[in-house]
Amino acid sequence: MSAAVRKPRLGGMGRMPWAFSFAGALAIFAATVAFTGGTGAGQILTTALTFATMYVIVGLGQMFVVTTGPGNVDLSIPATIALAGTIAMVVMDGRDALVPLGLAAALGTGIAVGCFNYALIRLLSIPPIIATLSASFLVQSVAIAYGRGLRVRPPEGFAAFTTGRVAGIPYLAIATLALCLVMAVLLHRTVYGRSVSAIGQNSRAAGLAGIRVDRVRFLTYVLSAALAGLCGAVLAGFSGGSSLNMGEEYLLASIAVVVVGGSSVSGGQSNVAGLWGASLFLYLLVTMLNTFGVGAGLRLLLTGLIIIAIITIAGGPKSGRA
Amino acid sequence: MNGLLANPRFLRAALPPVSLVLILAVIFIVQPRAMSYLGLNLMLNLALPIALATIAQLCVITVNDLDLSIGAFVSLVACIGATILPVSPLLGILALLGCIAVYAGLGALIHWRNLPSIVVTLGMSFVWLGAAVLLLPSPGGSAPAWLSALVKLKTPLVPFAILASAVLALVTHLFLMRSSVGTVLRGAGGSPQAVRRAGWSLLKAKMAMYGLCGLFGTLSGLVLVGLTTSADANIALRYTLLSIAGVILGGGEFTGGRVSPVGAVLGALTLTLAGSLLSFLRISPDWQIGAQGAILIVVLALRALVNQTERKAA
Amino acid sequence: ETADKTIALSNNYAGNSWRQAMLDSWKKITGKAVSDGVVKSADAFTTAENQATEQAAQIQNMILQGYSAIVINSASPTALNGAVKEACDAGIVVVSFDGVVTEPCAWRVAVDFKKMGAGQLDYLAKRYPDGGNLLEIRGLAGTSVDTEIHDGIAAGVSANSKFKVVSAVQGDWTQTVAQKSVAGVLPSLPQVVGVVTQGGDGFGAAEAFKAAGRPTPTIILGNRDDELRWWKAQKDASGYETMSVSIAPGVSTLAFWVAQQILDGQDVPKDLVVPFLSIDQAGLEKALENTQAGGVANVEYSLDDAKKVIAAAKK
Amino acid sequence: MSQSAGEKQSGAEKTPSPAAPLIRLTGIAKSFGAVRALRGVDLDIRAGECLGLAGHNGAGKSTLMQVLAGNVLPDEGGLAIGGEDLTARYGVARARAGGVACVFQELSLCPNLSVVENTRIRQPALKGFGWRARAGALITAKLDEIFPGHGIRPTELVSDLALGQRQMVEIASTFAATGEAPRLVILDEPTSSLDASVAAQLLAFVRRFVGAGGSIILISHILGEILSTCDRIAVMSDGRVVDLRPAARFDRHSLVEAMGHVAAHETGEDGEAAAAERSAAPVVASAATPKGGAIRLEARRGEIVGLAGLAGHGQTGLLVLLHNAAYRRSRYARLDGRVAFVAGDRQTDGVFPLWSIGENVTIRSLGALQRFGLIDPARSRRLEEDWQRRIAIRTPDMDNNILTLSGGNQQKALFARALASDADIILMDDPMRGVDIGTKQEVYALVRAEAAKGRTFVWYTTEFDELKSCDHIYVFRAGRIVADLPRHELSERRILQSSFEDEAA
Ligand SMILES: Nc1ncnc2c1ncn2[C@@H]1O[C@H](COP(=O)(O)OP(=O)(O)OP(=O)(O)O)[C@@H](O)[C@H]1O
Ligand SMILES: Nc1ncnc2c1ncn2[C@@H]1O[C@H](COP(=O)(O)OP(=O)(O)OP(=O)(O)O)[C@@H](O)[C@H]1O
Ligand SMILES: [Mg+2]
Ligand SMILES: [Mg+2]
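Residue numbers (this note's numbering), protein chains in the order written: chain C, 1136 to 1457; chain L, 24 to 337; chain R, 6 to 320; chain W, 3 to 507.
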């Protein structure tokens, strides 16, 4: 987005790593519509936008984490979604007046989880992949003990907002788009964003270039968990209440949208636009296979093959010098 | 001795066995009955497939990649082992060999297109799982009798799981850490450019390591189905994270070809025993899941201590 | 006489309200049994992830701890057979419920899932004599419960040939997933008269229909409080009619009593059948009253219930 | 460059060919995208000679050697070994078979392996039972032969070795051979991370190797080395060989001239040596070495403080310590002012490989390039272009990836990063590694000018000449500061004396 202010500056990298995910999404959409003979095309797009937003919200946080370098990944997202969703619903208590408080509580939960994650990573120097996994078990336990698996309904107004739409475009998608713009600016135009990229490429060099490595990584893990918390609240509002397992599918999905969206898993390089492409792509893919009436086994198999095909065609990063 | 303790590299190598012994000691105190042939056998026989999956993961980590599909792959192998293998052994073996070949092919694809392994294996996890569901839409099948008999072998004195784990650790250590071929393969993880400039084929190295990953994954699936006697498509999905945790617990690192097969096997055993310890502690069900996380954290916190001495020594 | 016996619950998943209610019922009933001196202890164990391998290890640890009986809600009907066999060999009584195991040495407190599927079609056939299109929401791929209910539904459809399943989507027994899957296929579907489910995904489907602006078909619901309340709201507003099928989480307590009876030396057949929990239009209000807000409709069993079930099975 | 063709011809004519060339390169051309790294190079390498290769940063020296080693396929041109044309299907394997071995400019050892294991990687023949013992014997023998008193244990992990030691291992394992010894060894800036005494050992070995009939290509920016060691010297400029003469017919002045630089005037050598008193400006940085030692490092505002001593004796560690002290309280160091770091080991400490040259330059200055909390693209562009000019980074476009630059030019970008920043104190970790002589002179001048404006420099260097630019020098040995010299006391003998005192005693 704001990267376009300057001509693309990624030397040897693929010029538009995110374009493939959009192309893939478009192709799949075309195939689906062709199959249904054009019925419901608009409807499919609308629902795709709705569901893609959830992926995008968690994907944003995961993307920042992944960008801080190899081995950095946040596996506590599903548990955080469940806990924050529950807390938000309990705090909102079905009253519209308490929605802001509930959202704040969800964000606060995320921030707390993020702090805990980073404490494990930094103070105990546990590799992030294991640290966030261990943390997620603890968070899950807290969610169980706190929520007892009970479903609390969201306030009417909040539910209406999360499911509402204007001219076929969900409010949620509009809000998420705004969030993405902010994140894109954060990524490309602020010292924080550059620092994240620098740390992802070479954290020792980043430290010697005057970047406060610990602080930036801390903020990144907090950001990721906070966005997961936000997603938890939104998801609970959208689906009529929180549940303990509502975050489960976001473990793989959050990673998948980041990498299919063209961010580099070896760190240092990321883009926000690709998240949308990848989210739409993944959602439309399942929809297409469901529409075709493909069974579960074949559907999983095809999903995997198509992801691999896309990434193979798009190709990996080319290194600069032999 | 003092010198040894101050040597961070030694400490780091000593960490996996020390954590294992510690956890075992606590278990023996909490549940004295575990201190027997039967006890060890019961606690550890399901550790063998995990150890094998961990070694499979270690092969891929050695060349700086990560395999997010190993759990799904082990599930698929278990399904093949419970469906095709007993009915037509030849076809079953061919299918398994085919799976290993696909793994080696993945290595080639990842090298050839310079793809991030995480994405490719994430995709493959869907493929393996899908294949498993197609093969076994609902749980069932039964493992060939010889396989069950083999993995449930009652060896004298020391339970089979421990013997097999020891052999596994020894063989992979000799191959990866001591042999001349293993050296090149680890070098390919440490500095691919250096290895290529010395005239080795990185493509072959990647294919070899992925192929080995497939091989150990296959062994893991077969042992697993031998133990459980029947399979389901979701049976081993958890192995993906367990195997990564095992490699790390064993002192391995995600990049730079720094791995330890012996440590990894010990790490896998430690993880399994941690689960047992939790059952013995009788924690409230609400917190049992959290306690698993807590145990992981405690064991890894020991690593932090070692790292600190390492930093001081530097 | 079982006062010195110990019973353990091996549970493979705790991440939804059904399981939470199941654990609660267990705690409530067994807690009383322990304080009454019926059994010495009745501990509950849960694994972190819904995985057969982890549960097998858990059962092996229980063997080591020397429990007299193990009550299992199994992650897989077959994958635990190895561990279950070992438990039996160690002289431990094994009772499985909900997710039952096929190992012959174990007892099974089973729900007739096939009937649960077929029953939905019987109900719909009554509602729609002319038949129509159906949408099926399935559970978690690769599990036996999913296959059995699906088979039941398929059998029901072939028995009522005026119905046609126009699409089957995966709901993973998770409301949000069901909502997403249904929302995805809806635009391309013709008019459907009913949604057949595995219980518990109905509310997600209802949300999806609402979001798509399509008339709500007859959705077979599960036993969660929000589903029942939604039903009530629809019923009050427009006289909406449907039914609910599910398994009562309290079936864990039935399994407990069965285990106790076996330990007591009673002759108990290996296969016991519990009725699934079914709520019809008339029983809705009553069910709602007895359901905790945000919880699930439940039935807990007493020793006498267990004896009745055992007696029924002996016939 | 216009006169180059003539000179080259004359060079070729006047050198009678005593033997048929071992290797003949004809018309080698290679482009990387828009960069024409090689534009048709003809070069003969004879048996039993040491051929020097000099040229400015980015002249194409490394690329030519990559071609020779089979790592890079040329776009055009031919290659013959021993008269046999091998142009088609040339590659690493062919090069090895032809007896060509190469020590690359960027280290190519596996850090996770031990010295022995790295030897195995280089020597495919080391396999089968007992290969470790054989590899250990081989590498130890070679290290002993080339670098007596090296102090490297073959079982040590390469990551535990200091940079200089790694370079020694790299060189030794290239010369070591299980079967036939290599016929031609290419040394691409082998001395850049070795200190003077070790470099001398290497150069002495090169002469012995050549004397025994082997061939060497030696690339170096240290002209004295080339002049004293080589039989012939080829000068490259902008992808061509522009001059080729016997070494005896070059001197420092003519060599620099041939490279296209105006001969450097040896400035300020003893001119101001009389200034005995240390400046009275406030101390802005002070540090003690964590390993103990009586002498504290002190740097005053506007001073250039030099760190000397053998490579790997704790200088880098102290610089990192000083750097971190600017951000976190430290037990050992205190810093009064903003700080910037110029890395010497650019791969691990300096370069951000995914970024453009411009982004690599501006990263340290982002704080100052903000407007309303956002980075201002126009301002950063101005800064980049300003510094591209001031420090002459050879690139058509600062938006190109940093890795498209040659080693020396990458180093310049790192220099620009520090100098462009708002830092009051600049820490330099042997930053002139691989920088060509012309640029060096410019950078020296720049450093002196900045110091005059009040900036403080703490400068670790392995080159004695560079210490002459310093106001005050600290000599390191075994992690401690062992000598503290004002400039007028500086002499090569003093430095060596302090560096080696222990061994002498
Ligand atoms: N892989 C590559 N991609 C793009 N450009 C390259 C690549 N390799 C070399 N170049 C360019 O080719 C030219 C020659 O580089 P080379 O490394 O051969 O210079 P050099 O003479 O060794 O310089 P130095 O003394 O600084 O090491 C430079 O302009 C460099 O930027
Ligand atoms: N703060 C730090 N963080 C990480 N690594 C450090 C830090 N300080 C020092 N090191 C590492 O410790 C080692 C010790 O550095 P030392 O001071 O011996 O280097 P040196 O004397 O400059 O040697 P050379 O530059 O020749 O490698 C270095 O390899 C450096 O990478
Ligand atoms: Mg060079
Ligand atoms: Mg140094």
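If you are wondering where the hints come from, they were derived from the structure by calculation, not from laboratory data. Hints may contain errors.
[To be verified] Quick list of simulated restraints, FRET-style, between CB atoms:
(1) C:1165 x L:190: 53 to 63 Å
(2) W:179 x L:131: 27 to 37 Å
(3) L:169 x R:270: 33 to 43 Å
Yeah, the Cβ is synthetic: ideal placement off N, Cα and C, and Gly gets one too.
field: Numbers of unmet hints, in rising order
entry: none
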